[in-house]
Amino acid sequence: MNDSVVRGAGLGVSLLYATAIGWLYVSQPQTVAQVTGGLASMVGAYEIDRQAFDDGLRFFRREQYSEARAAFARADSAERDARTQFYIAYSYYREGWGRVYNDDALFARGLAAVDKAIALAPGGRLVVDDVDLQMRSADELRGELQRGLTREAADFNPLKVFRSRK
Amino acid sequence: MSPGREAIVLPLLLLTVALLAGADIGTSVALVPPSLFSLVLATMLVVALVRSGALDPLRLLHGSRSPLANANGVVVLVALFAASAQVLAMLTPRSGLPLFFVDVLLFVLLLNTLVAEPDRVRLLRSLAVTLGSALILKFVVLAAVSNPSGGRMSRVVIALFDAATFGSITQEVQSPASGYLAFFATAIYLAALALLPAAAPRSTHGGLARRAPDALVPR
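So the protein lines, in turn, are chains F and Z. For the first sequence, the numbering used here puts the final residue at 172, and the numbers step up evenly by one. For the second sequence, the numbering used here puts the final residue at 206, and the numbers step up evenly by one.
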């Protein structure tokens, strides 16, 4: 074979391999699904499982949040879809919300999920067109989750019990 | 050196080492970038390879070569540096006194190698011994000292050892796969070093021996 062909092919393969390794170091995928999904999304070929997403949405509206998260995780196994991650974060918010106190562990997971959703959204802006939600943007949800995790004097206000879940 | 070895075999071997050596297997797999000190050690190692003749950079980068061949050479050099840094980081313990002593030991060994200027074969043998010893120290000795999953007696001995050394020796428990991965990464790395384009062998004789015999005879 011609030397130039070997050298050109070697250079191309090496650069591709080095790029893939660099991407692995930056994105730190934990599962094979995340690796394949991440590579697919790099070339714009990633799609969520629509059926599983619809199942998740149905569970979410019935307030079955654990079931909803399981379905959303199945729908977006590579964790590359901003909208699905938004719903996962919202499910943590609703499940963790309490009239007297919030569940900090669930709120922290919700915050991690909404941060992921914001990172995945183009330009970091994510607005979900869903009339059942009172917070339709990732920024609002993030703010609510952060406020829930912050300890402040207003937490001891007894009138707090009259607030409503969003 | 054949174009296939330079353009395909060496980059793929070295990049694979950079990938495998960076993998930290715990409850999940994380890819850990090399520490700053590993980069320093890797620089010293690459310089030692050049000075010993195990790597001749002129056979990878030179004005007389085509731009494509030089690009292949750059890839080999960058991959060699990345793989060296990752292997050294992988073989260094993660914390406590072992981290300090192994870092110092590797630094002194590489410095000594730079000063001694061994030839290619001796350098490769020396590296195999150094990396192999570090592998055994971290993945056999320290792993055994730090593993609490043995019987009651083993746990008591480990607890006493931990107390006696103020917890400065024991390391985080590693997955059994880590040792195997480190072994294969080190083996591939050493194989890749042996495949690097070497400089012409240096003469082992002194300057006088190279002179023509009649030049020494008084006229």
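Don't read these hints as lab results, they were simulated from the structure. Any given hint could be a false lead.
[Stated by the list, open to error] Facing chain F, from chain Z, some residues (calculated, C-beta under 10 angstroms):
1) Leu2
2) Leu6
3) Ser15
4) Glu159
5) Val160
6) Pro163
7) Ala164
8) Gly166
Model, not experiment: these values are computed from the prediction. By construction, the Cβ of each residue, glycine as well, lies at the ideal position given by its N, Cα and C atoms.
Hints the structure fails to honour: The structure breaks hints 4, 5, 6, 7, 8; every other hint is satisfied.
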